[in-house]
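Line by line, the protein sequences are chains S and C. In terms of our numbering, the first sequence opens at residue 1 and continues consecutively. In terms of our numbering, the second sequence opens at residue 1 and continues consecutively.
Read the hints as simulated data drawn from the structure, not as lab findings. As the structure is a prediction and not an experimental result, all values here were calculated from the model. Each hint should be verified, as a subset may be incorrect.
One copy or two, it doesn't matter: identical chains are merged, so the pair holds either way.
[Said to hold, decoys possible] In silico DMTMM-like cross-links for lysine to aspartate or glutamate, where the CA-CA straight-line distance does not exceed 25 Å:
id, residue 1, residue 2
1, 44, 32
2, 4, 49
3, 2, 27
4, 28, 76
5, 4, 19
6, 4, 24
7, 44, 19
Number of protein chains: 2
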Amino acid sequence: MKTKAIFYHAGCPVCISAEQQVVEALDKNRYEIEIIHVGEDKAKISAAEQAGVKSVPALLLGGNIFHINFGASLDDVKGG
Amino acid sequence: MKTKAIFYHAGCPVCISAEQQVVEALDKNRYEIEIIHVGEDKAKISAAEQAGVKSVPALLLGGNIFHINFGASLDDVKGG
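Next up, chain S with everything else stripped away, as it sits in the complex (with noise of 0.2 Å):
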């Protein structure tokens, strides 16, 4: 069975740059990824709040967050 996980980001260059770099790179024979983009639904800030992002690009990964250089807070996201 898979881990599962999930990339949050916001569409912003440093989310689009550890998408295709990091997240690329994961063994996907071992991880399914999902993929969660943030600023479309805003119900999804709230489900990633609570994962405990605090700014786009993160990971989450074997049930800790991996915030990734950084792109954006989830409060300017919110804010857009």
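With chain S fixed as given, assemble chain C onto it according to the hints.
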């Protein structure tokens, strides 16, 4: 031929978490992973700086540096 991935860390708890989860999740069939402990050898700090590392843990992938969460700045590592 595998793509080179370099993980820079300083043994901090945030670093260890990133190593055990993010680095562990990389596809080892496609990436050749090198782990560099910048705290063990001061010469490695300047090499990391030249690669664009500002803080650890950080992952060099496809020529770009991805800072993962925040464990310590390279300046802290220098002073430590």
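Hints, one by one, checked against the model:
1. 44 to 32: within (19 Å within a copy, 35 Å between copies)
2. 4 to 49: within (18 Å within a copy, 33 Å between copies)
3. 2 to 27: both (10 Å within a copy, 14 Å between copies)
4. 28 to 76: For residue 28 and residue 76, the Cα distance exceeds 25 Å both inside one copy (31 Å) and across copies (36 Å).
5. 4 to 19: Close inside one copy (16 Å) and across copies (17 Å); limit 25 Å.
6. 4 to 24: Both ways: residue 4 and residue 24 sit 15 Å apart in one copy and 14 Å across, limit 25 Å.
7. 44 to 19: Answer is within; shortest intra-copy Cα gap is 18 Å, inter-copy 28 Å.
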